[in-house]
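The residues making up each chain are set out below.
6 protein chains.
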Amino acid sequence: MTKPPISRYPAPELRDLPDDIRERIAAVMEKSGFVPNVFLALARRPDEFRAFFAYHDALMEKPGGLSKAEREMIVVATSGVNNCTYCVVAHGAILRIRAKNPLIADQVAVNYRKADLAPRHKAMLDFAVKVAERSHTIEDKDYEELKRHGFSDDDAWDVVAIAALFAMSNRLANAFSIRPNDEFYLMGRETRG
Amino acid sequence: MTKPPISRYPAPELRDLPDDIRERIAAVMEKSGFVPNVFLALARRPDEFRAFFAYHDALMEKPGGLSKAEREMIVVATSGVNNCTYCVVAHGAILRIRAKNPLIADQVAVNYRKADLAPRHKAMLDFAVKVAERSHTIEDKDYEELKRHGFSDDDAWDVVAIAALFAMSNRLANAFSIRPNDEFYLMGRETRG
Amino acid sequence: MTKPPISRYPAPELRDLPDDIRERIAAVMEKSGFVPNVFLALARRPDEFRAFFAYHDALMEKPGGLSKAEREMIVVATSGVNNCTYCVVAHGAILRIRAKNPLIADQVAVNYRKADLAPRHKAMLDFAVKVAERSHTIEDKDYEELKRHGFSDDDAWDVVAIAALFAMSNRLANAFSIRPNDEFYLMGRETRG
Amino acid sequence: MTKPPISRYPAPELRDLPDDIRERIAAVMEKSGFVPNVFLALARRPDEFRAFFAYHDALMEKPGGLSKAEREMIVVATSGVNNCTYCVVAHGAILRIRAKNPLIADQVAVNYRKADLAPRHKAMLDFAVKVAERSHTIEDKDYEELKRHGFSDDDAWDVVAIAALFAMSNRLANAFSIRPNDEFYLMGRETRG
Amino acid sequence: MTKPPISRYPAPELRDLPDDIRERIAAVMEKSGFVPNVFLALARRPDEFRAFFAYHDALMEKPGGLSKAEREMIVVATSGVNNCTYCVVAHGAILRIRAKNPLIADQVAVNYRKADLAPRHKAMLDFAVKVAERSHTIEDKDYEELKRHGFSDDDAWDVVAIAALFAMSNRLANAFSIRPNDEFYLMGRETRG
Amino acid sequence: MTKPPISRYPAPELRDLPDDIRERIAAVMEKSGFVPNVFLALARRPDEFRAFFAYHDALMEKPGGLSKAEREMIVVATSGVNNCTYCVVAHGAILRIRAKNPLIADQVAVNYRKADLAPRHKAMLDFAVKVAERSHTIEDKDYEELKRHGFSDDDAWDVVAIAALFAMSNRLANAFSIRPNDEFYLMGRETRG
Chain A
1 MTKPPISRYP APELRDLPDD IRERIAAVME KSGFVPNVFL ALARRPDEFR
51 AFFAYHDALM EKPGGLSKAE REMIVVATSG VNNCTYCVVA HGAILRIRAK
101 NPLIADQVAV NYRKADLAPR HKAMLDFAVK VAERSHTIED KDYEELKRHG
151 FSDDDAWDVV AIAALFAMSN RLANAFSIRP NDEFYLMGRE TRG
Chain B
1 MTKPPISRYP APELRDLPDD IRERIAAVME KSGFVPNVFL ALARRPDEFR
51 AFFAYHDALM EKPGGLSKAE REMIVVATSG VNNCTYCVVA HGAILRIRAK
101 NPLIADQVAV NYRKADLAPR HKAMLDFAVK VAERSHTIED KDYEELKRHG
151 FSDDDAWDVV AIAALFAMSN RLANAFSIRP NDEFYLMGRE TRG
Chain C
1 MTKPPISRYP APELRDLPDD IRERIAAVME KSGFVPNVFL ALARRPDEFR
51 AFFAYHDALM EKPGGLSKAE REMIVVATSG VNNCTYCVVA HGAILRIRAK
101 NPLIADQVAV NYRKADLAPR HKAMLDFAVK VAERSHTIED KDYEELKRHG
151 FSDDDAWDVV AIAALFAMSN RLANAFSIRP NDEFYLMGRE TRG
Chain D
1 MTKPPISRYP APELRDLPDD IRERIAAVME KSGFVPNVFL ALARRPDEFR
51 AFFAYHDALM EKPGGLSKAE REMIVVATSG VNNCTYCVVA HGAILRIRAK
101 NPLIADQVAV NYRKADLAPR HKAMLDFAVK VAERSHTIED KDYEELKRHG
151 FSDDDAWDVV AIAALFAMSN RLANAFSIRP NDEFYLMGRE TRG
Chain E
1 MTKPPISRYP APELRDLPDD IRERIAAVME KSGFVPNVFL ALARRPDEFR
51 AFFAYHDALM EKPGGLSKAE REMIVVATSG VNNCTYCVVA HGAILRIRAK
101 NPLIADQVAV NYRKADLAPR HKAMLDFAVK VAERSHTIED KDYEELKRHG
151 FSDDDAWDVV AIAALFAMSN RLANAFSIRP NDEFYLMGRE TRG
Chain F
1 MTKPPISRYP APELRDLPDD IRERIAAVME KSGFVPNVFL ALARRPDEFR
51 AFFAYHDALM EKPGGLSKAE REMIVVATSG VNNCTYCVVA HGAILRIRAK
101 NPLIADQVAV NYRKADLAPR HKAMLDFAVK VAERSHTIED KDYEELKRHG
151 FSDDDAWDVV AIAALFAMSN RLANAFSIRP NDEFYLMGRE TRG
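Chains as they are written, first to last, in the numbering used here: chain A, 1 to 193; chain B, 1 to 193; chain C, 1 to 193; chain D, 1 to 193; chain E, 1 to 193; chain F, 1 to 193.
Where hints are given, some of them may not hold.
One copy or any two copies: either way a pair holds, since identical chains are not told apart in the list.
Straight-line alpha carbon distances no greater than 25 angstroms define the calculated DSS-like cross-link-like pairs of lysine-lysine that follow [stated by the list, open to error]:
| hint | residue 1 | residue 2 |
| --- | --- | --- |
| 1 | 31 | 62 |
| 2 | 3 | 141 |
| 3 | 3 | 62 |
| 4 | 130 | 141 |
| 5 | 147 | 31 |
Keep in mind that the hints were calculated from the coordinates and are not lab data.
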């Protein structure tokens, strides 16, 4: 059986890419052992690639009030709501690893309300999913509820911004039919110690 | 960390159950190596337990025009639409095993339209998901489309009945908060040969 | 004018049916004076017929905390939400009879919130309709609200299970186009004493 | 048991009403044997009463391309979609009488797609329900489909205008909780000859 | 470039209209300097024209508890929800003039929750939009919330009736594709003093 | 009356900002005569600011198959669907200027289907709005329809990417309550020559 294409748009050849993009792709290959398809799919447009990953890194990789596992929970929950296979599968893998929990990603993707989560995390995902689905109705009460669970103003900004970034990312991956790499499905599924 | 309960309603003690139900549970334990929580959760009501599994077996286990993997695809796709964690996780495992495909369940649960599926299976899931979401609008054209993909009248009945059975099952599992057993998450995820 | 068919699938001949099914149909004919079309429509599949009516009887006919009229209210309200003509018309008739109230079924089918109902019954239908429409969002607060209106844990189970059974039943009747018998429309409409 | 009030707003005393309104109410009492509650509920505001019934009569009573039964089908189908108990019950009665068909109103109110209707009437209700639910998406194709079923431009205007008038009427009756008179429920339910 | 037609239905010639309608149109021309297209579009049906404007005047022009600007806010907010270009543009102009505020109409049309409005006006529009979108769920609590913001029973009636009238009006303008006159777009946009 | 704040989060002082950001803000001030509030609101997070405007410029300012007016149409239509006041008002102004058309922005924001647009532009907005609302259902047919109206593969990428970028942008502006500057409302409204 032929492997399905990585996306509706053909991936560019690595040798045709600008140096900085080829280096970024080499670095992720080095670190993960494979190149996640979103890198190849978006490399077709170097300027958009650079902006996308700059945004991604600013929100997902920098130090901050939210743990990296919490940020990935937001990604997986909102990507589930948006029915984005690429983001649920790829970020589900990252969430399992960052939370050191092999069950959490599937639970959060299908229905975070029934997941094994602390009340703080359900409140965080209530807010994030509201940003994803009906951001025009976000109001003071929503922020107050976050604050009641110990989130600062800067944490609230991060919840909004991550949900918003993946509103974009989910639409790109869905409309371009970006296919998750096979490697993601099994990552982080080893039993808890 | 304490394990969360298997459901909002406490499971009955095995020794308090009628013989036929205890035997059914012993048989599934024997076969799978663990007892899926839905058996314990529903055993609280023996008559409903019997009817539920009689219905389940009539649709999911008997010989018929749809393969067992196809039936599980219908379960996973409609359970995804209904945000039912128990059914997505448990039947996702069964689908991976029956389809001998470690990737298919996550793809079908999140968005079957982008899954690695033949056109016949997309047509089957278009129909099943329409039964799940807007059955009052099912019309002749929907049946004709199934027929065009090689489904017989009896196959169409099966698609309807499986989608309908899991409309029930998803609501029970959601409203009772039935928790999927940890064992399901990793089943059938070994790499394809 | 020719009578429209009872369903998209032809009904089997009574003489071709297994004895237990033919007897069940004869019994309902004896009791009601006609055979509700759902019996003939589902008899095409004897094992499914048996499971369906076993489930139905376990929830709708056995003694329990909910009165029989209350159970029918749940059926009619959720079937209205699912736009199921068969179930609204057939169970509307049963509700009128069991509640000894000629007005209640039409009120509950169109909008239970404006029906002549006690607060206890509105709370029951709020819960049931939430199970029908968004079961993945059912939470502790919903159960507490039921309890506040005097429903026990077992009553709550019944509300869930009846709403879930008719989620299935409505999808079968809608997708198979099961037609309500003419007899139902007028049953129980005599003026209150 | 006390009779529930006819509406959230108290009805004015007949003797306090302007002559023309009192006469209109007397005329309907004379003709029907009772005063439909919408007359009493809206009489609180004489100018609005006059405009409402002038609009109603212009669309529902005048000669025109649509039969009176067809007009009532539009009212019942769109009022079902809007969950308006008053209009479904009151106009359901009128539809049964005008169509000389005791079954049609309940069928059209719950799901016109499965009702015993000619294709011409299903096309008419497809259009009317689209006006009720998503009028901003009405396009040339919708008008062409009506034309294909023999409706003139003026008939199409009538379908739009009746669906629009009852979009208003349903919201008034819902928000004011106007209660249908008991008399409506049984009208026109005698068996077909 | 040819000017697009004022509506899907051709406007009648002024000279063919009944005197009272021609006079009403002349009066609005005199007052506004142009004839809003809704007058020409609806004049095709004189009786409906008369009823429509009688209703409109009874709710929008008479003295009452709601200021004229408040009434226009209701029109603009609900017309935004119904995606009605004619009503948003035409009544947006009137709102700007009556509120003496060049910004308010665009804010209210897109998302009144984020508009520069007093809490009283947000409560009024919460209620009005609920009438527009889900009138069957309006309940006592909604009326109490209005009362808490100083609205009387008669004010509440007006909010309902205006939202209901424009539920009709929006559907007529959408389905007939009534085009807003170019003049409306710039009216009332001069800077606040 | 005090001016409402530009956003839920206080804007940083210009003097506290990194040089590149202060320069970007000075440049836009120079060009437009005022600083659009989104610049001040996002400057609170310099890295996110840089990524946001890099993405924006890559899609909205570079040469390409879509005209600048076409790109703004996509922004305004999808921002209308997402009820984002900031983006509808600010990009509505830019659309009026780029399209040299004082009417188009309000039409596209409320209901592009009824706007004065060529069929090519309606097809473009059908696609863009589908990306905004249900990107998981985008399929080959949607791309083919675009192609039929003369859009290349790269044009289709741009439509997707602009709709996706503003899915993010709308959520940021909505959740942060970014207020459109007063200046935008009147820009580009001068009559066509």
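Structure-based check of each hint:
1. In this homomeric assembly, residue 31 and residue 62 come within 25 angstroms of each other (Cα to Cα) only inside a single copy, at 18 angstroms, whereas the closest approach across copies is 33 angstroms.
2. In the homo-oligomer, the alpha carbons of residue 3 and residue 141 lie at most 25 angstroms apart only across protomers (22 angstroms), although the nearest pairing inside one protomer, at 48 angstroms, exceeds that limit.
3. With identical chains, the CA atoms of residue 3 and residue 62 are never at most 25 angstroms apart, being 35 angstroms at best within one copy and 33 angstroms at best between copies.
4. In the homo-oligomer, the alpha carbons of residue 130 and residue 141 lie at most 25 angstroms apart both inside one protomer (12 angstroms) and across protomers (19 angstroms), since each shortest distance falls under that limit.
5. Taking the closest pair of Cα atoms, residue 147 and residue 31 never come within 25 angstroms of each other, the shortest separation being 36 angstroms inside a single copy and 40 angstroms across copies.
Hint compliance for this structure: hints 3 and 5 are not met, and every other hint is.
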